[in-house]
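S.K.: One line per chain: the protein sequences are A and B, in this order.
Each residue of the first sequence is one higher than the last, beginning at 1 in this note's numbering.
Each residue of the second sequence is one higher than the last, beginning at 1001 in this note's numbering.
The hints are simulated quantities; they were obtained by calculation from the structure and are not laboratory data.
Note that the coordinates shown come from a computational prediction; the quantities given were computed from them, not determined experimentally.
We put the CB at the ideal spot given by N, CA and C, even for glycine.
Heads up, a few of these hints could be off.
To be verified - Residues of chain A clear of chain B, computed beta-carbon distances all greater than 12 Å:
{"#": "1", "residue": "Arg13"}
{"#": "2", "residue": "His29"}
{"#": "3", "residue": "Asn53"}
{"#": "4", "residue": "Glu72"}
{"#": "5", "residue": "Ser73"}
{"#": "6", "residue": "Ser80"}
To be verified - Okay, derived cross-link-like pairs now, DMTMM-like style, lysine to aspartate or glutamate, Cα gap no bigger than 25 Å in a straight line:
{"#": "7", "chain 1": "B", "residue 1": "Lys1068", "chain 2": "A", "residue 2": "Asp102"}
{"#": "8", "chain 1": "A", "residue 1": "Lys70", "chain 2": "A", "residue 2": "Asp30"}
{"#": "9", "chain 1": "A", "residue 1": "Lys71", "chain 2": "A", "residue 2": "Glu24"}
{"#": "10", "chain 1": "B", "residue 1": "Lys1049", "chain 2": "A", "residue 2": "Asp59"}
{"#": "11", "chain 1": "A", "residue 1": "Lys83", "chain 2": "A", "residue 2": "Asp38"}
{"#": "12", "chain 1": "A", "residue 1": "Lys70", "chain 2": "A", "residue 2": "Glu24"}
{"#": "13", "chain 1": "A", "residue 1": "Lys71", "chain 2": "A", "residue 2": "Asp59"}
{"#": "14", "chain 1": "A", "residue 1": "Lys9", "chain 2": "A", "residue 2": "Glu62"}
{"#": "15", "chain 1": "B", "residue 1": "Lys1061", "chain 2": "B", "residue 2": "Glu1088"}
{"#": "16", "chain 1": "B", "residue 1": "Lys1049", "chain 2": "A", "residue 2": "Asp102"}
{"#": "17", "chain 1": "B", "residue 1": "Lys1049", "chain 2": "B", "residue 2": "Asp1085"}
{"#": "18", "chain 1": "A", "residue 1": "Lys9", "chain 2": "B", "residue 2": "Glu1088"}
{"#": "19", "chain 1": "B", "residue 1": "Lys1061", "chain 2": "A", "residue 2": "Asp102"}
{"#": "20", "chain 1": "B", "residue 1": "Lys1049", "chain 2": "A", "residue 2": "Asp30"}
{"#": "21", "chain 1": "B", "residue 1": "Lys1049", "chain 2": "B", "residue 2": "Asp1008"}
{"#": "22", "chain 1": "A", "residue 1": "Lys9", "chain 2": "B", "residue 2": "Asp1085"}
{"#": "23", "chain 1": "A", "residue 1": "Lys83", "chain 2": "A", "residue 2": "Asp59"}
Here is what each chain is made of, one letter per residue.
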Amino acid sequence: DGGITQSPKYLFRKEGQNVTLSCEQNLNHDAMYWYRQDPGQGLRLIYYSQIVNDFQKGDIAEGYSVSREKKESFPLTVTSAQKNPTAFYLCASSMVAGGSTDTQYFGPGTRLTVL
Amino acid sequence: AQSVTQPDIHITVSEGASLELRCNYSYGATPYLFWYVQSPGQGLQLLLKYFSGDTLVQGIKGFEAEFKRSQSSFNLRKPSVHWSDAAEYFCAVVGGSYIPTFGRGTSLIVHP
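Let's have the full structure, built from the sequences with the hints guiding it.
M.R.: And the structure:
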């Protein structure tokens, strides 16, 4: 089955540690996105990538980093510089880079908790 | 810049009752509009989308939405709610930037 997988489902981190969240898609989509979700705040865009080896900052990129070395993979690193990283993180992909009519497909999410 | 407002944080309905979730957008031209649903601890699933043409859009699970340009709205409706519809609902707008902007979501509670 085609889709987006995110791992792990739950992640615990000590303060001062960097952690990497995995996102893989087998939909052959060009564009991939990372969102952060906090209660009552909807989805906020962290980073997005429209093509391999290229990515753009979203609205809340500070304290996060990404890479896009392969079309199917878009890992997100939450660095120690992110002051409040506890949240639910969602990865998404869409077929056409920059296609405004395109639909986003979402992974199941990773819940990160900083201890 | 585009924006979207979902005025209701929570909506409570009885099973079998009708439902309307509100969504208002701000964008200078005709945007592309989406409704997504999220079950607890899960990702988002597309319910329906509007790009052009007929302003009444049919989606999955018996949902529909109507685009009203004069009111800058794209409200989601369902004639008879089932207990399994309890979830978080998000409206999203795509304008010239081609990146969706999501509303804050409306939590639907269904009473038996």
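S.K.: Taking each numbered hint in turn, which are not upheld by the structure, reported in ascending numerical order?
M.R.: Per hint list: zero violations.
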